[in-house]
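Colleague: This is what each chain is made of:
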Amino acid sequence: MNNTANNSKRIPLWAQAYFLLTLAVLAFGFHKAMTAPTEATMGNLYRVFFYHFPHTILSFVFPYLNCAASFLYLFWRSRNPARARAADAFALASAELTVLYASVGLATGMLWGRAAWGIWWAWDARLTTYLLLWLLYVSYLLLRRFSGDDPGSSNTAVLSAALAVFAAIDIPICYMSIRWWRTQHPSPVFGGGADSGIDPVFFPAVLWNMAAWLLWGAFILGLRYALERRRQRAHSDLSLHTISTPQESL
Amino acid sequence: MIYLGHVLAHLRKDLRLEWRSKDFLNGMLFFTLLVLVVFAIAFDPTSYPAIARQISGGLLWVALLFASMTALNQSWSRELRNNVLDAHRLSPAPASAFFVGKAIANFLFVTFVEIVLSLVFVLFYNLHPLGDTWLLLLILPLGTWALVSNGTFFSALSLRTRNRELMLPIVLFPISIPALLAMILATTAVLTGDSSPALWIKVLITYDIVFTIASVLLFDTILNAD
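As given, the protein sequences belong to chains U and R, one line each in that order.
Taking my numbering, the leading residue of the first sequence gets 1, the next gets one more, and so forth.
Taking my numbering, the leading residue of the second sequence gets 1, the next gets one more, and so forth.
Pulled out of the complex, with its shape left as it was, chain R reads as follows:
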């Protein structure tokens, strides 16, 4: 599989870059920690465990959304240094492999932050989930992939706009609303144990498949936009 080889080469490159600088991970980890502290001050979760269960799903995803926004904004501007992006455009490798490699790299970064963040959540917010906790192992990666694949695509898109830092949330949030809705409701369903998250997991799977295909198909157009 030559295509897979290209994807892995891009992935290796991104992981190595991150391993050497650790910019994203440090920034995202500290940022999400700050968001958690601010939310805890606003809602006082330890005194009201029922409310903590109700809102934690939403807070977790909002914190992750903001954190991944900061990282995604950087992930393509990295390629602008020394005109690396132009070199990629000239290379005969398929453009979508470039996208998939970077999306997987971003997925791994955000997942790492997510694992740390979930533990911090359980400790700081005194959480006792009432539903099937193991389902989170399915919901978290699916939700993260929905955020990251669209986010990687739209940050490549906003790379060519004038104020790209602002442009990414402006285009990403409206498109991601169904995914956000599904991941928040699924997580809340697991935490509170009130309802079954099955429907929302299906929505997330559909969303992931549809938008990953759309991104892969349209990425070549975006990369060679001008």
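Okay, chain U solo, but in the shape it has when bound:
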């Protein structure tokens, strides 16, 4: 992924090939999802599951990448600033991916809930935890937006890395406390969930869509990372330029 960070304006060949492969797998996943046998109770509405499942699973993977990148940032900050900036770009990219995938997961989940339970939303353990995950990373992105005068200052990186560490600590505590909360008051609508086992006939569609959205997520992550690296480079070039030319205002 670092190869995209060179100074050339061209997109490297392997990235183009990867993009085409992702599109092909996405198309094949779509084909599999649409041609899978119609489900007995929900009819065609159940097909949203093929999109809901990969997005939800993957939106639990990106926060870990974000947390790891934030730790690396804090570790490298004084030891290796260049590498720390790369870690920060990766943390930003993975946080945005978390919010994106969790938003799609929430939206498709609500469609699914409306079809399966008759209501858009239930304050049950899983949904609440998931909403909180979304809230945490939206607040992370807002902090990045609001901190510092320019979006790439080291100020932003430090503050958001600290928040990312807090968020990562918060997720397990949150998960456990909400589970206890909801086991005390069991929710009547829960129990018809999709995870109570699926028929093997749906496996190809599930797995192909999983692969497709994983490839797509990795692609967007790489793209966003490369973009952020470019922005960082443009910013440091500008600062160097400002320092080398005599001006009083920065």
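Keep in mind the hints are simulated off the structure, nothing from the lab.
Ideal Cβ placement from N, Cα and C applies to all residues, glycine included.
Please note that the accuracy of each hint is not assured.
[Unchecked claim] Label-pair ranges, simulated between beta-carbon atoms:
#1 R/Leu-138 to U/Trp-180: 16 to 26 Å
#2 U/Thr-245 to R/Ala-87: 27 to 37 Å
#3 R/Val-84 to U/Gln-16: 49 to 59 Å
#4 U/Ala-211 to R/Ala-198: 21 to 31 Å
[Said to hold, decoys possible] Okay, the calculated bits of chain R under chain U, using three or more residues with CB under 8 Å as the criterion:
#5 169–179
#6 200–207
[Said to hold, decoys possible] Covered, in the sense of this in silico footprint (three residues per stretch, anywhere, with C-beta under 8 Å from a C-beta of chain R), are these stretches of chain U:
#7 126–136
#8 169–180
Following the hints, position chain R against chain U.
Modeller: For chain R alone, kept in the frame of chain U given last:
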């Protein structure tokens, strides 16, 4: 203990500042009183004592949360006057002592408001708790510390952001949800006497320990962010 000496020096300074101005206490007390009145108009607690018991725990903490938000926003901007914060950053004293001192000071302010507020609650909302009321002596300080230690940390964090007044609730609320859940459910359990608050007290203790350690460890990084 040199570290303890630093903490106490910071604490003394904050208490003295507050003693001379009384900005936080007056502001928070009146603010929470207003919130209580607004909630009473919305829910009419005296006519429905059972409902009052159900919702009072939540209302108490929501009122305190909003009140402490106003005070916490001010607690670090106080240090910005005359560049006092930069002087602190240059001083050889450990940064975390600065944080702990301020967190304890804020804890004392919010606790004071809380004591007054609880009495007002019992009077205005005609509350008759059905559980073990003495457990509130444990729940209230634990919940307050959870709010205040995280709040002090995040207000130091939002000090460097553009619209810091707005930034504090935006970052503090999502992080504090487990603590809020635990303190509200524990208080409601005591007031209604329906269930045991033991589990939620344990959650609060865990939350306090984990996040106090995280704040103390990360505070140096936050203070010297740029």
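Colleague: Run every hint past the structure and note whether it holds.
Modeller: Here is what the structure says about each hint:
1. Between R/Leu-138 and U/Trp-180 the C-beta distance comes to about 18 Å, which sits within the given range of 16 to 26 Å.
2. The hint said 27 to 37 Å for the Cβ distance between U/Thr-245 and R/Ala-87, and at roughly 34 Å that hint holds.
3. Checked against the hint of 49 to 59 Å, the C-beta distance between R/Val-84 and U/Gln-16 comes to roughly 55 Å, which is consistent with it.
4. Restraint check, U/Ala-211 to R/Ala-198: a C-beta distance of roughly 46 Å breaks the suggested window 21 to 31 Å.
5. Residues of the region 169–179 of chain R with a Cβ under 8 Å from some Cβ of chain U number 7, which satisfies the need for three, so the listed coverage holds.
6. For the region 200–207 of chain R, the assignment as covered by chain U holds, since 3 residues bring a beta-carbon within under 8 Å of that chain's beta-carbons and 3 suffice.
7. Residues of the region 126–136 of chain U lying with their CB closer than 8 Å to a CB of chain R number 3, which satisfies the three-residue condition for coverage.
8. Counting residues of the region 169–180 of chain U whose beta-carbon sits less than 8 Å from any beta-carbon of chain R gives 8, enough to reach three: the coverage restraint holds.
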